[in-house]
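What follows is the residue order along each chain.
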Amino acid sequence: MLERFSRFNWASVIDFLPNLGTGLYYTLLISVVGLLIGFILGGIFGLGRISKNKFFYAVSSIYIEVIRGTPVLVQAIWIYFALPLITGYNMASVVAGIVVISINSGAYIAEIVRGAVQSIDKGQHEAGRSLGLNQSQTMKYIIWPQAFKRMIPPLGNQFIISIKDTSLLSVILVPELMFQGRLIASNHFNAVEIYTTVAVFYLAITLSLSYILRYVERRLDVQ
Amino acid sequence: MITVKDLHKSFGDHEVLKGINCEIADEEVVCVIGPSGSGKSTFLRCLNLLEAITNGEVVIDGDNLADPKVNINKIRTEVGMVFQHFNLFPHKSVIENLMLAPMKVRKISNKEARKRGMDLLEKVGLAEKAEQYPSQLSGGQQQRVAIARSLAMEPKLMLFDEPTSALDPELVGEVLEVMKRLAMDGMTMVVVTHEMGFAREVGDRVFFMDEGVIMEEGDPNQIFTDPQSKRTKEFLNKIL
Ligand SMILES: Nc1ncnc2c1ncn2[C@@H]1O[C@H](COP(=O)(O)OP(=O)(O)O)[C@@H](O)[C@H]1O
Ligand SMILES: [Mg+2]
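Protein chains in written order, with the numbering used here: chain S, 1 to 223; chain D, 1 to 240.
It should be emphasised that the hints constitute simulated quantities derived from the structure, not laboratory data.
Every residue gets a Cβ at the ideal spot worked out from N, C-alpha and C, and that includes glycine.
Any given hint might turn out to be false.
To be verified - Keeping only pairs whose Cα atoms sit at most 20 Å apart, straight-line, the calculated PhoX-like set for lysine-lysine is: (1) D/Lys156 / D/Lys123; (2) S/Lys140 / S/Lys52; (3) D/Lys107 / S/Lys140; (4) D/Lys69 / D/Lys5; (5) D/Lys115 / D/Lys104; (6) D/Lys123 / D/Lys180; (7) D/Lys111 / D/Lys129; (8) S/Lys140 / D/Lys92; (9) S/Lys140 / D/Lys104; (10) D/Lys104 / D/Lys74; (11) D/Lys129 / D/Lys92; (12) S/Lys122 / S/Lys140; (13) S/Lys122 / D/Lys92; (14) D/Lys92 / S/Lys149; (15) D/Lys74 / D/Lys107.
Unchecked claim - Quick look at which bits of chain S chain D covers, simulated, 3 or more residues with Cβ under 8 Å: (16) 117–124; (17) 130–140; (18) 144–152.
Construct all of the structure, not just a fragment, from the sequences and the given hints.
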């Protein structure tokens, strides 16, 4: 088996590195932009889930349930192929990819935000209010900083999931890493070499992220 | 300073306060005792609107708290509250705990807030702990910081909800000492406590609460030695 593995033409992978590099660029672009927007959506709808405003709560709940209840692949295909038939506008595949990652991660991050905020002892809120801070000051200076610290491990987890999810965007023709890999492998019949390399690339991204998150967590713990 | 007239408070259809009437004068120290669940905390929390008033009147220095137009945040800046579990902000250092509200609510400068905060820490004997975090302090020290944090807003009334009942016995004294000095400085205080020694020495009056009303009130020595109501007697027998 080992002997068979080494029979493959690993050196040839070098020829395809520029293409894989392009793929890597799109993977990172979509992950970073998508997760940034997802984080904002998560903040907004996470607060919606703990809001006393019934409308805001209902909208947030529907959003979260719909996204969590449907597969990313279906969401991607729906947004890229079905939505334009409704709106009459075609979306560039990269834009569609960013939209998918944003709304998908946003729903999960909203639940992370809700859980973290609710995990803060309600005495903290009362202490803030009894000192005369208003609702939003209490949120901003007391609840949010504590909740944010608790959000880091589950957020890191979600970031890794979303980065891996970008590989599904190859089906809507986003020129990301997996798409490039499939393109090369089908033209050059080097599936083993290329898909192994692709896997190593994903692993490199997620391992680096894990490392950075552990560092951030340690830094925050020092306080 | 405080006038409470026929105060009612319900949670859903569970009526917890069933008509509280009392007057508390400037610089007076009132200790509230009574069995668990009798509504002591709820009464206190109505005095700074942590709980909305269902019915009746609470007037503090001319402001009627039951008036829907009342400025809740202004009332709260004037009424300090100290909790059983301290509720210090764990992500902020001791001095930052004291500086936050004066800076954000009273809009005083960082420098001024720090100076005032240090003066107060001095007063509660914890100036050397200013840069530490609450988790590095003992329970008694945390509660003294919490008292100083409330005082930083310069309230005219202080509410204490069982401030020593979460503390190890050997740490109770230092907190009561701080409260006693505060009372001697002329602070108006309402204190839910079962520390009879404190009530007798520092309290001007004791309220005995039972089932949502003030069942009996009077001079601390009279209440503890010669209670009039049967319920008060039963309660005192249980805890003494
Ligand atoms: N937020 C709340 N919601 C519903 N019931 C409450 C709430 N707060 C207090 N109660 C009820 O009110 C009653 C009095 O509580 P409390 O004022 O805490 O009594 P005490 O401080 O004298 O022990 C209890 O039966 C308690 O269950
Ligand atoms: Mg209580």
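We went through each hint and held it up to the structure:
no. : hint                : verdict
1   : D/Lys156 / D/Lys123 : 17 Å, holds
2   : S/Lys140 / S/Lys52  : 18 Å, holds
3   : D/Lys107 / S/Lys140 : 16 Å, holds
4   : D/Lys69 / D/Lys5    : 19 Å, holds
5   : D/Lys115 / D/Lys104 : 16 Å, holds
6   : D/Lys123 / D/Lys180 : 12 Å, holds
7   : D/Lys111 / D/Lys129 : 18 Å, holds
8   : S/Lys140 / D/Lys92  : 13 Å, holds
9   : S/Lys140 / D/Lys104 : 11 Å, holds
10  : D/Lys104 / D/Lys74  : 13 Å, holds
11  : D/Lys129 / D/Lys92  : 13 Å, holds
12  : S/Lys122 / S/Lys140 : 15 Å, holds
13  : S/Lys122 / D/Lys92  : 17 Å, holds
14  : D/Lys92 / S/Lys149  : 13 Å, holds
15  : D/Lys74 / D/Lys107  : 13 Å, holds
16  : 117–124             : holds (count 3)
17  : 130–140             : holds (count 6)
18  : 144–152             : holds (count 3)
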